[in-house]
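Engineer: Residues per chain, in single letters:
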Amino acid sequence: MKRNRKSKQPPSRKVGLPPGSLVHVGEVKIDRPVISLIEYDDLGLVERQFESVDDAYGYKPTHERLWLNVHGLHDAEMMAEVGRRFGLHPLAMEDILNTHQRPKIDDYGDYLFLVLRIFAYDESNHSLQSDQLSMIIGKHFVLTFQERVQGIFQPVRERLRAARSPMRQNGTDYLAYALLDTVVDRYFLSVDRLGDDAENLEDEALNRPSPALLSRINQAKHETLQMRRAVWPLREVVASMQRPENAFFKPETRLYLRDIHDHTLHIIESLDGVRELLGDLLDIYLSSVSNRLNVEVRTLTVLSMLFMPATLIAGVFGMNFHDMPLLAEKDGFWISMLMMAACALFMGGLFWRRQWLKRNAG
Amino acid sequence: MKRNRKSKQPPSRKVGLPPGSLVHVGEVKIDRPVISLIEYDDLGLVERQFESVDDAYGYKPTHERLWLNVHGLHDAEMMAEVGRRFGLHPLAMEDILNTHQRPKIDDYGDYLFLVLRIFAYDESNHSLQSDQLSMIIGKHFVLTFQERVQGIFQPVRERLRAARSPMRQNGTDYLAYALLDTVVDRYFLSVDRLGDDAENLEDEALNRPSPALLSRINQAKHETLQMRRAVWPLREVVASMQRPENAFFKPETRLYLRDIHDHTLHIIESLDGVRELLGDLLDIYLSSVSNRLNVEVRTLTVLSMLFMPATLIAGVFGMNFHDMPLLAEKDGFWISMLMMAACALFMGGLFWRRQWLKRNAG
Amino acid sequence: MKRNRKSKQPPSRKVGLPPGSLVHVGEVKIDRPVISLIEYDDLGLVERQFESVDDAYGYKPTHERLWLNVHGLHDAEMMAEVGRRFGLHPLAMEDILNTHQRPKIDDYGDYLFLVLRIFAYDESNHSLQSDQLSMIIGKHFVLTFQERVQGIFQPVRERLRAARSPMRQNGTDYLAYALLDTVVDRYFLSVDRLGDDAENLEDEALNRPSPALLSRINQAKHETLQMRRAVWPLREVVASMQRPENAFFKPETRLYLRDIHDHTLHIIESLDGVRELLGDLLDIYLSSVSNRLNVEVRTLTVLSMLFMPATLIAGVFGMNFHDMPLLAEKDGFWISMLMMAACALFMGGLFWRRQWLKRNAG
Amino acid sequence: MKRNRKSKQPPSRKVGLPPGSLVHVGEVKIDRPVISLIEYDDLGLVERQFESVDDAYGYKPTHERLWLNVHGLHDAEMMAEVGRRFGLHPLAMEDILNTHQRPKIDDYGDYLFLVLRIFAYDESNHSLQSDQLSMIIGKHFVLTFQERVQGIFQPVRERLRAARSPMRQNGTDYLAYALLDTVVDRYFLSVDRLGDDAENLEDEALNRPSPALLSRINQAKHETLQMRRAVWPLREVVASMQRPENAFFKPETRLYLRDIHDHTLHIIESLDGVRELLGDLLDIYLSSVSNRLNVEVRTLTVLSMLFMPATLIAGVFGMNFHDMPLLAEKDGFWISMLMMAACALFMGGLFWRRQWLKRNAG
Amino acid sequence: MKRNRKSKQPPSRKVGLPPGSLVHVGEVKIDRPVISLIEYDDLGLVERQFESVDDAYGYKPTHERLWLNVHGLHDAEMMAEVGRRFGLHPLAMEDILNTHQRPKIDDYGDYLFLVLRIFAYDESNHSLQSDQLSMIIGKHFVLTFQERVQGIFQPVRERLRAARSPMRQNGTDYLAYALLDTVVDRYFLSVDRLGDDAENLEDEALNRPSPALLSRINQAKHETLQMRRAVWPLREVVASMQRPENAFFKPETRLYLRDIHDHTLHIIESLDGVRELLGDLLDIYLSSVSNRLNVEVRTLTVLSMLFMPATLIAGVFGMNFHDMPLLAEKDGFWISMLMMAACALFMGGLFWRRQWLKRNAG
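Residue numbers (the numbering used here), protein chains in the order written: chain X, 1 to 362; chain U, 1 to 362; chain B, 1 to 362; chain R, 1 to 362; chain S, 1 to 362.
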């Protein structure tokens with residue numbers, strides 16, 4: 001009955017610590033953190049990978065724009081080094097490390113700090129996994145921080161490698177847009193899986209109600225709510241990125257953000273549809289259980305009906321009248337047996353035709 | 001149990017492609033795309049049809065205002081050509097081709113881009129079909145893009161052909177208004193069908209509850225929600241077209257838009273009425289199934305009651321008292337039989353009058 | 001099961017016609033249209049009636065202020081003439097004739113155009129009738145258009161005839177206020193009837209549940225919703241009339257409009273109370289039906305219990321022991337009969353005291 | 001089943017009368033109206049009482065500030081005189097006399113006009129009584145109008161009589177604040193009684209469900225709603241009094257109004273808690289009734305079970321086998337009787353232990 | 001059935017008293033009030049404790065910044081002295097002493113006045129305790145008032161003692177932030193306990209429904225609502241502290257407040273999740289009780305079925321046919337007994353396999 005309630009867990013290790021301390025709060029989902037870095041401009045592109053702070057020692061960027069992606073957040077030293085290099089505020093660093101953030105956008109003047117959630121549907125146990133994605137958008141760099149390797153940004157990397165792609169021509173704001181677009185597009189997949197789950201649950205609630213179902217209904221509700229909570233604030237986030245006073249996005253890119261905003265609304269509406277479906281499931285389940293019981297009682301009552309005429313006939317021929325038909329006949333007993341069987345069959349047939357022996361209602 | 005969930009399907013073929021790629025996302029609903037073009041001004045009107053890019057080669061418009069309508073969106077080359085001729089932004093082109101858009105209005109400076117949904121009630125399977133209608137409103141042209149031929153704009157064409165109609169005198173903003181008005185007017189028909197469906201479902205839920213009904217109730221809910229989602233953002237769309245700073249609509253035409261705004265509100269209210277009706281249906285259905293079972297158990301109990309006095313009488317005359325009435329009489333047996341029958345008939349009559357043998361409750 | 005759904009019917013005859021065409025859309029509720037006209041100022045008052053366009057030929061007003069009321073809207077020629085005389089915009093004319101409008105206020109510069117709904121409770125079939133009232137408020141004239149003669153403005157007419165009434169001293173804005181006040185005051189009557197109906201329905205749902213009740217509950221819900229839809233936009237309408245930039249109402253009159261605004265809120269709150277009451281009715285009805293069935297099954301079970309001891313006693317005296325009491329006694333049989341009756345009476349009394357033979361639950 | 005629905009009654013006597021006519025609309029709750037007057041400033045205080053217009057003839061105030069309180073509103077002449085003396089607008093007078101007003105604040109320039117509702121819990125029939133309190137706040141006077149004598153302002157009078165109390169030092173705005181504070185503080189008492197009622201009803205619904213309970217639940221819902229409607233607009237009223245542009249309240253007093261605003265929010269939240277509790281009561285009641293029926297059917301079924309083995313034993317010893325045990329024994333009959341009793345006792349004990357003979361479920 | 005409803009209790013002792021009187025309203029939760037004081041700046045820190053007014057006589061602060069914490073509020077003299085020393089407004093003092101305040105922020109010009117609620121989960125009776133925390137934030141001092149010693153600010157004290165902590169470097173606004181952060185972080189713990197409780201209740205509702213559960217469900221609902229009421233206004237409070245025009249918080253500190261704002265939203269969302277879970281519990285409980293009854297009736301019906309074939313067989317062999325099988329056989333009686341047992345076993349086995357003898361449904 002215990003449910004996966006990661007999102008509810010408080011940043012408990014932090015209580016009592018001074019704010020801004022660099023402690024990773026959350027599950028460790030990867031063994032060794034990996035930093036992958038792409039430098040690029042319209043002229044060229046360089047890719048590098050670091051696995052520790054030492055790797056990056058003495059490294060100097062050679063192109064105008066830079067995208068640094070971190071997989072795994074629990075190497076405090078490495079994270080501190082990244083924060084130092086890019087001049088990130090302690091609060092931003094703390095939020096990156098604490099993976100229980102609500103999606104939000106914070107403007108730190110020199111850069112925008114974005115928190116999003118990525119969802120992946122785990123086929124093995126039909127549940128939704130949620131990771132935090134933090135993004136720092138500066139004038140010349142984009143930093144992304146993920147809890148583990150999921151490969152969702154692979155297509156963006158491919159497009160970046162293509163020499164003449166618009167992504168190379170445009171600034172880091174376009175790169176940030178492309179990353180955000182990829183994340184939001186993936187939400188559609190998760191919403192679809194939630195929708196399929198809800199329909200399967202409805203099927204089962206109607207046809208095979210079992211107590212275990214109830215906790216699965218609750219889990220589905222919980223996941224839908226969890227996803228809604230992750231997408232709902234995104235509306236605001238994207239809207240604030242679109243505003244003209246936001247200096248990080250060029251007017252051309254803002255046009256593209258409008259598209260993401262539409263998708264966000266679309267996802268929220270679909271989630272609300274799933275929630276409505278799930279909302280009815282409890283009633284359907286409860287009434288389905290109750291109906292099955294009633295159907296069983298009906299079947300039992302029908303069965304007991306079949307004995308009634310036979311019992312009456314036996315009683316009749318057990319009466320002590322001096323003058324009774326059949327009693328003296330040779331096959332009297334068997335005739336009475338036949339009468340009993342005939343009555344039972346007749347009634348059984350009657351009930352069969354009225355479908356009162358079926359195993360489901362209605 | 002699988003429901004038509006087109007609207008939930010994500011623009012899945014797009015994931016990973018660079019934004020702005022011209023790929024048709026959605027069902028192909030027509031064999032060959034057709035472009036029909038009407039040029040007009042107060043002096044005259046010319047109509048033409050193109051079935052391929054070649055047809056239109058070297059074509060030059062001769063009148064001031066132009067309405068181009070495309071049926072079928074999957075001919076990428078043709079679509080690209082249209083986009084090039086009218087200088088449409090890649091994002092607009094992408095949205096036209098991806099038929100899973102939410103209704104919206106985007107101002108691209110030189111033209112307005114509108115996305116709407118058209119609804120058609122399919123009589124054969126009592127379900128609502130939804131197509132996307134994209135509209136580009138420029139100073140001198142209106143472009144409309146539909147997924148298939150439905151003939152909904154036929155009356156507008158007729159009015160345009162009438163030499164002295166206000167449509168010929170007025171600009172493309174009036175044409176756009178007329179097209180929008182036609183679309184919104186058709187919503188009323190769909191809302192009505194949904195309302196009729198809801199009432200039929202209520203009838204069936206009360207009188208002929210069956211598990212199949214449940215999925216039909218869900219489908220009706222889904223369709224109502226889907227339609228509401230299509231009409232709800234239209235409010236905003238029309239409101240933004242009415243604003244004085246919107247340069248595409250003349251003040252005279254804005255007066256007419258007010259009318260469309262009222263109709264939109266009217267439709268939303270009607271849809272909410274239908275939804276309220278549907279919301280109760282689940283309870284009615286579930287309780288109707290349960291009542292039918294209870295009525296059947298009542299009937300069975302009544303039937304079993306009829307045997308009780310007869311069985312008692314048989315028991316009584318089976319007692320072994322030395323001195324008992326009737327036993328020695330010649331017709332004693334038949335008299336006891338008559339007593340049994342009389343008791344059963346009497347009780348049956350009693351229950352009949354109390355209406356406990358009826359097949360429905362209450 | 002078919003319900004009166006007038007309000008949902010679309011302006012269907014209009015589909016395809018150019019906007020602004022003068023076609024009456026809606027039920028014809030009166031035989032012959034009548035125009036009654038009152039001219040007045042502080043000095044005098046003249047009343048006239050026209051039944052056709054010809055009657056009014058060459059007519060010239062002689063007083064400063066004018067109130068023209070039209071009963072019946074289907075005489076297209078007469079309506080067109082009225083529109084022409086007062087310079088009404090085609091869209092306003094169209095809205096007057098199409099009696100399925102949502103309440104609204106449109107400012108046409110020279111005059112305000114108001115649409116309201118009038119409600120009348122039809123005692124014969126306990127249903128709410130709804131008519132459209134259109135009002136044109138100009139600087140020197142007020143025009144009102146009703147679907148039929150209802151006499152609701154009779155008190156206003158009386159007050160107007162009184163030479164020294166404030167209505168004569170004040171401008172047409174005060175007249176418009178008085179008419180509006182009369183309409184809103186009548187809403188209270190309808191709300192009260194709806195409230196009474198809801199309470200009667202609750203009574204019946206508890207004590208005499210029948211399938212017919214369900215459709216009456218639905219009708220009551222529908223009517224309450226319909227009335228709420230008519231009053232809800234009125235809030236906005238009256239609020240916009242109160243605004244200082246509204247040039248049609250003098251500051252003194254605006255003070256009075258505040259009162260109407262309060263009444264509107266009051267009515268909405270009362271309607272929401274009725275809706276809450278109705279919202280529970282479905283549950284009460286469904287559970288009432290179910291309880292009646294259960295009570296009947298309880299009664300049947302009690303009855304069947306009465307036979308049990310008798311049947312057992314009969315069985316006991318039917319045993320074949322060689323040595324049994326009573327069997328040989330002369331009145332043994334009758335003593336056994338008495339035992340049976342005594343047992344049945346004892347149990348019956350027991351159940352009676354526990355109130356298990358009552359016809360209702362609890 | 002008829003409920004106290006005073007608040008829904010329309011100002012029905014007014015329909016048709018010109019607005020602003022001085023007619024008392026509402027119940028007459030007191031025999032003779034009484035006017036009590038307190039004149040005061042920091043130097044002294046004079047109290048007087050008038051029972052008719054004549055009493056006040058020639059009366060001239062001698063202190064700077066004045067509080068006039070009227071109990072009973074049906075003496076039209078007296079009310080008119082009060083209105084004349086203080087220059088009250090006819091609309092304000094009309095609202096004072098019509099005791100079905102919604103709480104509101106109207107700014108008439110020279111004075112503020114406030115309408116509130118006072119609630120009193122009537123212990124005798126566990127119902128909430130609601131009276132209207134109208135307040136006129138001028139620069140130098142405060143007028144209060146109540147439907148009957150309730151003594152709620154007694155503490156304010158006491159404080160006013162104390163020579164050095166802040167109330168004497170401060171202006172009429174502070175007096176108005178003190179009166180308002182007293183009214184709002186009393187709301188807490190009523191909310192508490194409603195909360196206690198709701199909990200008692202829940203107790204009864206669980207343990208002693210009876211049809212009468214349903215109407216009491218409805219009454220409690222209605223009263224909670226009625227109170228919420230009276231407190232909800234108060235939020236707005238107090239907020240508008242706090243605004244800097246409101247010239248009637250000095251900045252020092254505005255600080256105190258903030259407190260009343262907080263209390264108002266507190267009361268609304270408590271009321272919403274009560275409403276939530278009441279909202280579940282219908283479900284609890286309905287299911288409690290249904291469970292009691294089911295428990296009774298269970299008891300009956302258990303009872304009928306007790307007869308089954310005895311009936312079988314009687315049948316067995318009634319069989320006609322030539323060779324059967326016990327039949328020939330002297331105490332055979334009594335042994336069979338013992339067997340029957342033993343079986344019944346054994347089964348009864350079994351059911352007793354499983355608690356299937358208890359009178360409540362669970 | 002009586003629930004802990006402290007929060008609903010009105011400031012009843014205050015009714016009738018002049019506003020601003022220093023009377024402690026609420027439970028006394030501690031024996032002797034204790035004042036602990038920390039003076040600090042970047043150079044040093046001094047801690048002192050006072051247990052009465054006399055202790056503090058002649059005390060003069062020696063450092064720039066000061067944090068004074070009061071545990072226990074019922075020593076009127078001590079409180080008055082504190083108020084006098086720091087120049088607190090009578091209204092603020094009154095609100096500190098009345099521990100039934102709604103969370104709020106009041107700007108008194110020289111200082112901010114904050115009211116919060118602290119929650120502690122009492123393990124002994126699974127209920128949530130709520131205390132009031134009042135905070136005065138001045139330019140050079142922070143005052144905190146608690147109802148009892150809970151030690152929640154211990155970590156803040158520790159950090160303050162550390163000579164080089166940012167808390168010593170920063171002003172009182174940072175201290176206020178740290179205190180607020182501590183309070184909000186603790187909310188997460190309470191929310192988690194409420195969530196666990198809700199899941200346990202669901203378990204019990206499904207498996208061990210008992211009437212006592214219902215009141216526990218209500219208590220849990222009440223506590224969740226109570227906590228939501230305490231956190232909801234905090235949103236506004238923190239938002240208003242973040243505004244640039246708020247002079248008490250430096251821009252650097254405002255950045256940190258953004259974090260608290262996010263946490264507040266997070267808590268509200270979690271609470272809403274818990275409420276949704278609790279909202280379904282009533283339905284689950286009610287239907288669980290009903291199902292258990294139905295399962296018991298099913299079991300009884302199954303048991304009664306087992307007797308039916310035996311009773312029929314006994315009846316058959318009790319018939320008086322002259323020529324019947326088995327009757328004359330030596331072991332006839334025992335064969336018939338075997339037949340009865342066989343039938344009962346066969347039917348019992350059948351029902352067992354269909355799981356109709358299980359003690360739970362489905």
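Be aware that one or more of the hints could be misleading.
For identical chains, the list gives no copy identity; a pair is met inside one copy or between any two copies.
[What the hints assert, rightly or not] Keeping only pairs whose Cα atoms sit at most 20 Å apart, straight-line, the calculated EDC-like set for lysine to aspartate or glutamate is: (1) LYS104 <-> GLU252; (2) LYS330 <-> GLU199; (3) LYS29 <-> ASP122; (4) LYS139 <-> ASP31; (5) LYS358 <-> GLU81; (6) LYS139 <-> ASP110; (7) LYS139 <-> GLU77; (8) LYS29 <-> GLU204; (9) LYS104 <-> ASP262; (10) LYS60 <-> ASP42; (11) LYS250 <-> ASP106; (12) LYS104 <-> GLU39; (13) LYS104 <-> GLU236; (14) LYS250 <-> ASP107; (15) LYS60 <-> GLU39; (16) LYS139 <-> ASP42; (17) LYS250 <-> ASP283; (18) LYS104 <-> GLU81; (19) LYS104 <-> ASP181.
In case anyone wonders, no lab produced these hints; they're calculated from the structure.
Engineer: Hint by hint, where does the structure go against what was stated? Just the numbers, ascending.
Structural biologist: Numbers 2, 4, 5, 7, 8, 12, 17, 18, in rising order.
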